[in-house]
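Peer 1: So you can see what is in the structure, the chains are spelled out below.
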Amino acid sequence: DVKVTQSSRYLVKRTGEKVFLECVQDMDHENMFWYRQDPGLGLRLIYFSYDVKMKEKGDIPEGYSVSREKKERFSLILESASTNQTSMYLCASSLGLVQPQHFGDGTRLSIL
Amino acid sequence: AQKVTQAQTEISVVEKEDVTLDCVYETRDTTYYLFWYKQPPSGELVFLIRRNSFDEQNEISGRYSWNFQKSTSSFNFTITASQVVDSAVYFCALSEAHSRTGANSKLTFGKGITLSVRP
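Protein chains in written order, with the numbering used here: chain A, 1 to 112; chain B, 1001 to 1119.
If you are wondering where the hints come from, they were derived from the structure by calculation, not from laboratory data. The structure presented is a predicted model; accordingly, all values stated were derived computationally and were not measured. Heads up, a few of these hints could be off.
Stated by the list, open to error - Quick list of simulated restraints, FRET-style, between CB atoms:
1. A:Asp51 - B:Pro1040: 29 to 37 angstroms
2. B:Pro1040 - A:Ser65: 25 to 33 angstroms
3. A:Lys3 - B:Glu1015: 31 to 39 angstroms
4. B:Thr1020 - A:Gln99: 21 to 29 angstroms
5. A:Gly63 - B:Glu1015: 37 to 45 angstroms
6. A:Ser65 - B:Asn1067: 35 to 43 angstroms
7. B:Gln1083 - A:Gly16: 44 to 52 angstroms
8. A:Gly16 - B:Arg1063: 45 to 53 angstroms
To be verified - For lysine-lysine, the following BS3-like pairs were computed, each having C-alpha atoms within a straight-line distance of at most 25 angstroms:
9. A:Lys70 - A:Lys18
10. A:Lys18 - A:Lys53
11. A:Lys3 - A:Lys71
12. B:Lys1038 - A:Lys3
13. B:Lys1038 - B:Lys1003
14. B:Lys1038 - B:Lys1070
15. A:Lys18 - A:Lys55
16. A:Lys18 - A:Lys71
17. B:Lys1003 - A:Lys57
18. B:Lys1003 - A:Lys55
19. B:Lys1016 - B:Lys1038
20. B:Lys1111 - A:Lys57
All C-beta atoms, glycine included, are put in the ideal place defined by N, C-alpha and C.
Using the sequences and the accompanying hints, generate a full structural model.
Peer 2: Below you can see the structure in the form of structure tokens.
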């Protein structure tokens, strides 16, 4: 079974802090994704990566950046956290871009 | 741009009732994929099914069945004899398959349907 592990289940940070959310997958998947999930808005794609050191903007990349130095790890970075970035963040990976995505448990991030 | 509409936001049924979750999509492509995911209270999204645009056969898996109709751009999901463990948020999603590296290869999710099954 594919395992996608997000480093924290719950995280509380302060406005202006630089925040790192880490995601690791163990199935050698090429593609990795970061989403945020908000009530009434569903899942929205922030960034995705189809190879090491490659990244593509999703629907809502503003205020975020990503890093993929190794195939198994995809990091989401909030450069200067703001209260409107309080949300549930979900990481996913897939073998191909139209293959099913496998999701982590999510990180519930609160920015105070 | 592609779009997925899940018009139902919340559904509540009593155990053993059948329930259908609706999904309507919009795309200009002839090649695309449709997905259903389940998100139980624990939070992790679980993949349920993938269907490509050239395969309109309905699928049944145990108590779950899916009805794909290109003529109405719909991909509806029916749970037969619902159980309490079916309580979750269900997402329909669409992926266009014509580009490997472009943003069009990403999944577009609907806003989800919260299903509550009461004992």
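Peer 1: Against this structure, judge whether each hint is valid.
Peer 2: Hints versus structure:
1. A:Asp51 - B:Pro1040: 29 to 37 angstroms: The hint (29 to 37 angstroms, Cβ to Cβ) holds, given that Asp51 (chain A) and Pro1040 (chain B) are roughly 32 angstroms apart.
2. B:Pro1040 - A:Ser65: 25 to 33 angstroms: holds (31 angstroms)
3. A:Lys3 - B:Glu1015: 31 to 39 angstroms: Holds - the Cβ-Cβ distance for Lys3 (chain A) and Glu1015 (chain B), about 32 angstroms, lies within 31 to 39 angstroms.
4. B:Thr1020 - A:Gln99: 21 to 29 angstroms: holds (27 angstroms)
5. A:Gly63 - B:Glu1015: 37 to 45 angstroms: About 44 angstroms separates the Cβ atoms of Gly63 (chain A) and Glu1015 (chain B), which means 37 to 45 angstroms holds.
6. A:Ser65 - B:Asn1067: 35 to 43 angstroms: holds (41 angstroms)
7. B:Gln1083 - A:Gly16: 44 to 52 angstroms: For Gly16 (chain A) against Gln1083 (chain B), whose Cβ atoms are near 47 angstroms apart, the range 44 to 52 angstroms holds.
8. A:Gly16 - B:Arg1063: 45 to 53 angstroms: holds (50 angstroms)
9. A:Lys70 - A:Lys18: Given that 25 angstroms is the threshold and the Cα spacing comes to 21 angstroms, the pair holds.
10. A:Lys18 - A:Lys53: holds (21 angstroms)
11. A:Lys3 - A:Lys71: Given pair Lys3 (chain A), Lys71 (chain A) holds - Cα atoms ~14 angstroms apart, limit 25 angstroms.
12. B:Lys1038 - A:Lys3: holds (17 angstroms)
13. B:Lys1038 - B:Lys1003: holds (19 angstroms)
14. B:Lys1038 - B:Lys1070: holds (23 angstroms)
15. A:Lys18 - A:Lys55: holds (20 angstroms)
16. A:Lys18 - A:Lys71: Cα-Cα ~23 angstroms, so holds.
17. B:Lys1003 - A:Lys57: holds (18 angstroms)
18. B:Lys1003 - A:Lys55: holds (23 angstroms)
19. B:Lys1016 - B:Lys1038: Between Lys1016 (chain B) and Lys1038 (chain B) the Cα gap is close to 19 angstroms, so the pair holds against 25 angstroms.
20. B:Lys1111 - A:Lys57: Measuring from Cα to Cα gives roughly 20 angstroms; hence the hint holds.
Violated hints for the displayed structure: none, as all numbered hints are satisfied.
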